[in-house]
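J.: I would like the entire structure built from these sequences, with the hints used as guidance.
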Amino acid sequence: MTGPVIFLDVDGVICTALSYRLTKLLRIGWLQQIFDPVSLFWLRRLTAKFGARIILTSTWRDALTMEDDWGKALIGNLYRRMEQNGTPIAGATPVIYSGDRSTEIQAWLEENPCGSYVIFDDHDRFREFPHVRRGLIMIEHSEGIRYPHYRAAVRMLSQNNNSFCS
21 MTGPVIFLDV DGVICTALSY RLTKLLRIGW LQQIFDPVSL FWLRRLTAKF GARIILTSTW
81 RDALTMEDDW GKALIGNLYR RMEQNGTPIA GATPVIYSGD RSTEIQAWLE ENPCGSYVIF
141 DDHDRFREFP HVRRGLIMIE HSEGIRYPHY RAAVRMLSQN NNSFCS
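Per our numbering, the sequence shown runs over residues 21 to 186.
Just so you know, the hints here were simulated from the structure itself, not pulled from any lab data. Incorrect hints may appear among the rest.
[What the hints assert, rightly or not] What follows is a list of derived Cβ distance ranges for each label pair:
id, residue 1, residue 2, range
1, E130, R175, 20 to 28 Å
2, G96, L45, 18 to 26 Å
3, D89, G23, 20 to 28 Å
4, W50, N180, 34 to 42 Å
5, L45, N180, 37 to 45 Å
6, S118, V174, 31 to 39 Å
7, Q179, E87, 40 to 48 Å
No residue lacks a Cβ here, since even glycine has one placed at the ideal position from N, Cα and C.
T.: Given below as structure tokens:
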């Protein structure tokens, strides 16, 4: 069994209205975009407190297998920014087209037992395996991760909420 995990969506969670405004204000190209600094701060606090690994659940992970330069640059920037933040992405859930986000997280959990997990997402995509949803912390897509989300994550990561671990 490994330590705690943070399943991370990108759009609406770390890629927010604030990150768009900052990227535009600083005249940075979209392939070097800035991610929400407040969301990144709270992620950094969680990974430091719990030693949690970040697992990408976002559709951004599709770019990991893209052949085009734009997709590679986009995902490369995400990985670089997360590394610079002290919150490196440790992996990604599998892409399973026949299911929803819960199917992908369920498959990842079956292969990678962990003690506890949280899911940061701005959409509720957990119909296939509703029990996976117990780790969901819904994020308002225009705001990103804020203090109340951090507190909820601390509570969840402090307990074993993963039925695959025993």
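J.: Please name the hints from earlier in the document that this structure breaks, with their numbers sorted from lowest to highest.
T.: The structure breaks only hint 3.
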